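Produce the entire structure from the sequences given, and follow the hints as far as they go.
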Amino acid sequence: MAVEIEVFGQLLPGKPRKQTVKIRKPETARELAVIIGLNPDEIGLITVNGVQSSLEDAVEPGSRLCFFPYITGG
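Residue 66 in my numbering is what sits at position 66 of the sequence shown, and the numbering runs on without skipping anything.
Mixed in with the good hints, there may be bad ones.
[Unchecked claim] Per label pair, the in silico range of CB-to-CB distance:
no., residue 1, residue 2, range
1, Ile71, Gly37, 20 to 26 Å
2, Lys22, Ile71, 26 to 32 Å
3, Ile71, Lys25, 30 to 36 Å
4, Ala2, Gly73, 30 to 36 Å
5, Ala2, Val51, 15 to 21 Å
6, Gly73, Pro26, 30 to 36 Å
7, Gln52, Thr72, 16 to 22 Å
8, Ala2, Thr72, 30 to 36 Å
9, Gly37, Asp57, 18 to 24 Å
10, Ala58, Glu6, 16 to 22 Å
11, Thr72, Arg24, 36 to 42 Å
12, Thr72, Lys22, 31 to 37 Å
It should be emphasised that the hints constitute simulated quantities derived from the structure, not laboratory data.
Because the structure is a prediction, the values reported are computed rather than measured.
Note that the Cβ used here is the ideal one computed from N, Cα and C, for glycine as well.
Laid out in structure tokens, this is it:
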């Protein structure tokens, strides 16, 4: 099975915004971020299947994982 990963903003410049990572067992969002080349310190928001999550939450095979940068404004 695989996890569908979508990266928003400028977290992963020069790489595809949507990626698929094959996993056989649950992995943490942090582990999956590192696998695709993200720096976990730059991630502001994470969702797993549309639910806000943390870097340490398990991501099951077949899930959709989204990474968003920190949001700033003025």
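For each hint, the structure was consulted:
no.: 1; hint: Ile71 <-> Gly37: 20 to 26 Å; result: 21 Å, holds
no.: 2; hint: Lys22 <-> Ile71: 26 to 32 Å; result: 31 Å, holds
no.: 3; hint: Ile71 <-> Lys25: 30 to 36 Å; result: 32 Å, holds
no.: 4; hint: Ala2 <-> Gly73: 30 to 36 Å; result: 34 Å, holds
no.: 5; hint: Ala2 <-> Val51: 15 to 21 Å; result: 19 Å, holds
no.: 6; hint: Gly73 <-> Pro26: 30 to 36 Å; result: 34 Å, holds
no.: 7; hint: Gln52 <-> Thr72: 16 to 22 Å; result: 18 Å, holds
no.: 8; hint: Ala2 <-> Thr72: 30 to 36 Å; result: 32 Å, holds
no.: 9; hint: Gly37 <-> Asp57: 18 to 24 Å; result: 20 Å, holds
no.: 10; hint: Ala58 <-> Glu6: 16 to 22 Å; result: 18 Å, holds
no.: 11; hint: Thr72 <-> Arg24: 36 to 42 Å; result: 38 Å, holds
no.: 12; hint: Thr72 <-> Lys22: 31 to 37 Å; result: 34 Å, holds
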